[in-house]
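Q: So the protein lines, in turn, are chains F and U.
Quick note on our numbering: the first sequence kicks off at 1 and runs consecutively.
Quick note on our numbering: the second sequence kicks off at 1 and runs consecutively.
Misleading hints may appear alongside valid ones.
Heads up, simulated SDA-like pairs for lysine to any residue below, C-alpha to C-alpha not over 20 Å straight-line [unchecked claim]:
1) U:K100 with U:N59
2) F:K67 with F:K117
3) U:K181 with U:H53
4) F:K119 with U:G133
5) U:K100 with U:G133
6) U:K135 with F:L115
7) F:K120 with F:T41
8) F:K120 with U:G133
9) F:K120 with U:V137
10) U:K181 with F:Q39
11) F:K55 with F:L65
12) F:K117 with U:G133
13) U:K135 with F:A123
14) U:K135 with F:Q66
15) F:K120 with U:Y130
16) U:K181 with U:A45
17) U:K181 with F:A36
18) F:K120 with U:S136
19) U:K181 with U:T40
20) F:K119 with U:Y130
None of these hints come from the bench; they were simulated from the model.
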Amino acid sequence: MLLSRMFCGRAAPLPAVCAFALSLAACAARQVTPVAMTQPTDDRLTCSAIDQEMKSNQAAAAELLQKNNEVDQANVAKVVASVVLSGWIAFTVDLSNEEKIKMRALADRNEALALLKTKKGCATR
Amino acid sequence: MNNFKLSPAASFARHAATGIALLLLAACATPADPERMVATEAAGAGFPPALQHAVCVRNVTGGEATNPLWVSQVDNAGFSEALTNSLRGVGLLGAQGTCKYNVDVDLLGLSQPAAGLSMEVTSHANYKVYDAGGKSVLLATVSAPYTAEFTESLLGVERLRRANEGAIRASITQFLDQLRKIKR
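Excised from the complex, chain F in its bound form (with noise of 0.2 Å):
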């Protein structure tokens, strides 16, 4: 963004270098959200309810997990191909932790519905 605005800007610009700061750009990390622990309706939330959350939030985990070593096994693939092929390729890496961040924010998620299982004195399974 900084190169762009350095150098696209001008009135002669240098198209190489315009290509590269977009380039860059896209080297940007990807915006993640994950889960938060706690919810401002947590309070409202039935037994039955957080036993639901929990179990989606198991299976969308599992999901992530799989995501998460499909991301890492393509990280490989990269920085191999950056090297025998062209290190531009080294670029498009992932260093973005999505899945891996998402799938860790639902197992803390769990464990707060854990607690406030026990808070609201749901039974246990």
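Given chain F, put chain U in place with the hints provided.
A: Below, chain U without anything else, positioned relative to chain F:
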């Protein structure tokens, strides 16, 4: 003493190789420095009296060791040290064994860019504060960004490390802000 002389081309190649080797060495990733992750705030400012000298860091999980050939990371020990020193700085740290409140941290991860002139890293962490009875006092999810500008370091690996450190520092600052809101 020695009549052996390199041709100009060979001499240039040797200097270039030395330069590249030095650059590669300088480009090795190093772990985040705990001192640079400490949140510096005024001692006692706005914190509930019950928390003063009563908080300990118990567990930090989710951190990663830095592979010098990959990118800089934040490990558990470094994060724990930074959080402990931050709590000490604001007068909340309790003596080991007499803690009324324990903090567990799950470092969910760092969202890092692959490259860039200014590098923005966002740290995601869950802070869990429990009282002596094991009851949760605070469960906070904190996402904190920090951008290391090109002027902070010319080397990309160094800039990324600075961004990591800044993101953790911002995260601890937000956590301290949440502690201020606890009603005790």
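Q: Now, for every hint given, state plainly whether the structure supports it.
A: Hint check results:
1. U:K100 with U:N59: Given that 20 Å is the threshold and the Cα spacing comes to 15 Å, the pair holds.
2. F:K67 with F:K117: 30 Å, violated
3. U:K181 with U:H53: At roughly 17 Å apart (the allowed maximum being 20 Å), H53 (chain U) and K181 (chain U) satisfy the hint.
4. F:K119 with U:G133: Holds, because 14 Å separates the two Cα atoms, which is no more than 20 Å.
5. U:K100 with U:G133: 9 Å, holds
6. U:K135 with F:L115: 9 Å, holds
7. F:K120 with F:T41: 14 Å, holds
8. F:K120 with U:G133: The given pair, whose Cα atoms are some 17 Å apart, holds under the 20 Å limit.
9. F:K120 with U:V137: Distance of about 16 Å is within 20 Å: holds.
10. U:K181 with F:Q39: The given pair, whose Cα atoms are some 17 Å apart, holds under the 20 Å limit.
11. F:K55 with F:L65: Judged against 20 Å, a Cα distance of about 16 Å means the pair holds.
12. F:K117 with U:G133: 17 Å, holds
13. U:K135 with F:A123: Cα-Cα ~19 Å, so holds.
14. U:K135 with F:Q66: The hint is violated at about 34 Å.
15. F:K120 with U:Y130: 18 Å, holds
16. U:K181 with U:A45: Roughly 12 Å between the alpha carbons, so the hint for K181 (chain U) and A45 (chain U) holds.
17. U:K181 with F:A36: 18 Å, holds
18. F:K120 with U:S136: 14 Å, holds
19. U:K181 with U:T40: 18 Å, holds
20. F:K119 with U:Y130: 14 Å, holds
Violation of the numbered hints given earlier is confined to hints 2, 14; the remaining hints are satisfied by the structure.
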